[in-house]
Amino acid sequence: MRITKRGLMRALRAPAPAPPEDLGRKLEAGIPEDLFGSRREGDPRHEGSEPRSRRAASAARPRGHAVWAIAASVLVTVGAGWLAVRLFEERGGEVMPRAAVEEAFESQARLAPAPAEPESPSPEVDRLATVGRGASPERDATRGDPRAPASSERANDPHVSESGFVTWMAHARHELQRKRDQLRGEMERLRLQDVEVVRKSEAAPAPSRRAAAADAAPAPNSGAARGPSDAAPQDGGFIDAASHPISTLAVTSRPGSLTALLDRVEEPSRDTGSVAIEELLDEAMRDLPLEVEAIEVEGAPALVEGRVVLLLCAVVAAQGDHRLAGADGLASAIEVELDPAVASRYRLLASHAHALPPFEVGRDARGSSSQRYRVGALLEVELLRDLPAGGSLGAVRLRHDRTTERSTPPAASRAIVAGDLADGWGAARPELRLAVLASELSRIPGEATVEPPVVRSELERIRDEAGVDAVTATTAARLLALTRAEVRGEEPRPTAGDSPPAASRRPGSDD
Amino acid sequence: MHPAAPRRGGGGRGEAELLADLRCGNREAAETLVELTYPLIYKSLYRLCGDADAAADLTQETYSRAWRELAQFDGRSRFSTWLYRIAYTTFLNHVRRPQRFVPFDDVAVESVERGQPLGDDPLLRLDSLRLRREVLALPEELRFAITAHFWGEVPLREIARQEGLTTMAIRKRLRRAIARLRTRMREEPS
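In order, the protein sequences belong to chains A and V.
Counting in my numbering, the first sequence runs from 1 upward without gaps.
Counting in my numbering, the second sequence runs from 1001 upward without gaps.
Rather than coming from a laboratory, the hints here were simulated on the basis of the structure.
Quick caveat: nothing in here was measured; it's all calculated off a predicted structure.
Please note: incorrect hints may appear among the correct ones.
[Claimed, not checked] Cross-link-like lysine-lysine pairs, in silico, BS3-like; alpha carbons within 30 Å at most: (1) V/K1043 with V/K1172; (2) A/K5 with V/K1172; (3) A/K26 with V/K1043; (4) A/K5 with V/K1043.
Here chain V stands alone, though its shape is the one from the complex (with noise of 0.2 Å):
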């Protein structure tokens, strides 16, 4: 479930409403919009960057840039989606750090569930220190289409909204991506 939609937590009232809290200075409002949206975004950041203590920094990052321009929010997108949107960035910026910069084949790889069988299919075989390494690799506007969808569970539309494009060209940078990926994961690892 997309936590843009209204759910028990958060009192039922939906983005939108918790917003005008907060704008309104209400701090439980804000403390709302947290509890609804961090499991996702340390999620999504888990996936990015492979490690649980740099995904939960990484977040803390997120929100403390977020509340910093949340006056630049201009509705355009979902609450949630800007706050991805935040949080992709603010990865990139962690692994373009040079002091911190860490080569993703030495990220801990235990932290990892490397090679997992999780039956048939060759690919669930396939370490998903690999994958993220191939989805990383991927040209930036397929890159951060793919790691929306698939890693922050933007919806399609959403991610539209935020790129300033149709859902159609979305879903074919979405095609274009699984395409090449599918091509890189054939080959054999270097």
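Excised from the complex, chain A in its bound form (with noise of 0.2 Å):
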């Protein structure tokens, strides 16, 4: 029987009864009173807390007056507004003396709380955050500080007049906007903390396991993910795996926090020229067929020779109230432990939290509710040798405590082998290349392992890729423009499918 997409969308909205006649009335009867707590006798407001039925008389009341009275009262309240503003212009405006503004702006300073400074402020911990135009450092070293206006820039206000006053009028703007630039300089600063952490413990040894994982603890982030915390810094972000063969990303999510908070309010105002790295790792754990506490390892030569990429990822779950106590969140790590027979060195490229929806039914026998979270963490590793078939590189863990003790029996683990690898760095999964792209083009100029046109013809490639979704093509093309804004001096591109240059090229890569 051949079936139609059309019919079957058809089959799907086929109508459905109209529901009971007394349902909508049990429903209305059904609503609890205690919802309506706050009532106070005699509010106008809450004349609608009497049931419906008790309110058959008056609802022929006209509504016309209480409109018109909204609307009068409205236009009274913008005139004489307009007429104050007109009055207060006409008289040339109250003045406030220029020594005055001057010690207002002191004190306001004095008052407001200084920002505490990020402990290693580097360009680099930016390029890891974000990639693109609104990640330069030259613009973050504005907006990192939330006390910007300095005296020679409000002596350039052009709210100051040249007779060295200013209308309180035009203060009150200058004020608002500062303040607004203040917040955004906070929000900035709290998101460039949260993945100065990443940098951070690789650059400097952690004194020790439980007070990296004490200070992970209290990250008011979501997602936010620690770096590993014992391993001691090596070029590049590499880590020595023979002398740290283990390393612990212990990942908090509070989906409840200011920063959450925060994070949505930023989203929307976000350089749309920008990419975050995180981003794209969560694109590439989504599609993965992920049961709770399973642990996915997904990698793939890298294209630089001699060296991996592996993707670890995992749905972890809070069960019971969890999603309304909030406060804490949820404390999980992802443990890496590699083989230093097979393993040189390691580094960590991102990592990533995300909270799914909320409401969710849990897959356990109970079927409570539950709030899931998918972590995951993208890795570069250098080989010591080619991995053979059937070989293993190491294994992973996964642990669910607030603290990143090794003595936790882990929650699920598996071994890192050789067909966790695709064949090839083509035969990868395009949104798993998209990210290890951004990682490297977020190094370029300075770290960067590939060649920047490398970069760019891989890019175009992907979005070339037959069968690639819309999403994943989007990504590539808005990362190719980035490339193009960021990389200074480089060659002219290569159309799409040319290969790129065989030196930085993997052998025996299939495309």
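Reassemble the complex: the two chains are provided individually, in unrelated frames, and hints are given to aid placement.
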């Protein structure tokens, strides 16, 4: 039987019967009275708190009066305001001596809490966080300091008149703008601080595993991630696998946190020309068939010979009232243990945790509700030798606790085997390749291990690949545009389908 | 028409305004919200469970739970979308309750428009009972997307907000669900 898509959709849209007549009344009667617990006697706003049946008589009361009253009051308010402004301006404006303005600014600056300076303010931090025009160090140098309006800036303020006076209105507007900038700077600082942790832990060895874990727990971050907590720094962010075979990535998720809210507020105003690596990583994890507490490992040979990239991800769940409790969040850890006989060194390219939608029914036997998180990390590992078929690169474990003590039994674990790796770079999923390329792009021109033309060529390849869906193609095109904007003085870009230079291609890659 | 849009029944007021009134203690706003939303919630639950009485019971349970959890509504999606999610979860809890579990094959068949000839398209001759069974057998993420869109009449954008995904990702899920349903419906019923 041939079933058309249109026919199936029509069948799905088959009409359903109307609800029973008395259902509406039952539902209205079932509205609990305690829902209106804040009702106050005599408050006209709460007139509707009586059941509808009792309001039958008053239903005919004309609403026109109220509408006219509101309209009139609005008109009076606006008119009074306009009149006040006109009078104010006609009298030349009440003026404030410049000295007083200066004093006000100074006192405001003293009263405002000084934002904590990032411990290692580094342009690399920003490059790791965001790729694109929005991440240029020049912009962030100004965005990061909420106390930016210095005296020289105030001297150039267009609201300050030649005679050394400023009107109150202009002053208020300026203050509003300054507050807005301050808030934006604060949000940027939080964002940078979250990401900075990844670099900070790479820059200086943590004193102990317990200390690192304790530090990780209160991170005010939705989807915050901690880098290798006990590893010494190496060049390019690489960590020696022989001295640090185990790396723990603690993930703390707080969906109700202030930072999560700020992220949501901030998101629409983010530079449209930027792409966060974490978003691409999340995109790469999205289509993986993950069960709760199962670990998925996906990898591929990297563009640089002798290295592989590994995507480690899992879905973790907090049962019961976690979503309502909210404050503590869920602390989980992905722990990677690499075999020093196979792995030479490794580095964390990106990590991400994403709270999955609430009101989800858990997949446990009881069917209780749970809050689920998708957590993942992208690692680049340098191999000492080729991984034989059936060989193991190490193991990955998932732990749920508020520390990362190794004594805690893992919730799940599995080996990282050769079968987890794609046959070649080109055989890996486009989403995974995009995340890796974005990471490379973020390191241009400082620590990139792959030449910019190669990155660009690969992006074009992904964009033009047959069967790639629109999201991936769009993302690749966007990254491509960023490559052009970011990389200076490079060679003319190759056309789609051109192979990158053989020197930086891995031998045996399939495309 | 999606219930989120202002209607005459609500005096032209939108959901946001009604919710604001409700939070001020206005009972009429709650009743208007019920009026606006319950027909669609009932229909979606009917399509999910295929039984008129069960759908009515689940509708009442949905609203009861919604009033209890109203403080948790964060406005990320529309109220009606949030309500649909609760209805969907209530339905899942209903079928997972051991003491009230009713196998799909035993659902009152007479209440389902079974084998109703609707045209030349062979699919339109298939019984809706089987279609519902195949929809409910889909993986969770596909099942929610397809039931929310087709049975709950929730716009794609709203589903995306509710799921924390992009609209494109939801489209992708719908495509996968439709493809899987077509494959399953081609097979002979077991």
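Going through the hints against the structure:
Among the hinted pairs, V/K1043 with V/K1172 is consistent with the structure: their alpha-carbon atoms are about 25 Å apart, no more than 30 Å. For the suggested pair A/K5 and V/K1172, the alpha carbons sit about 15 Å apart, so the restraint of at most 30 Å is met. For the hint linking A/K26 to V/K1043, the alpha-carbon distance of about 16 Å falls within 30 Å, and the restraint holds. Distance hint between A/K5 and V/K1043 is fulfilled; the C-alpha atoms sit about 23 Å from each other, no more than 30 Å.
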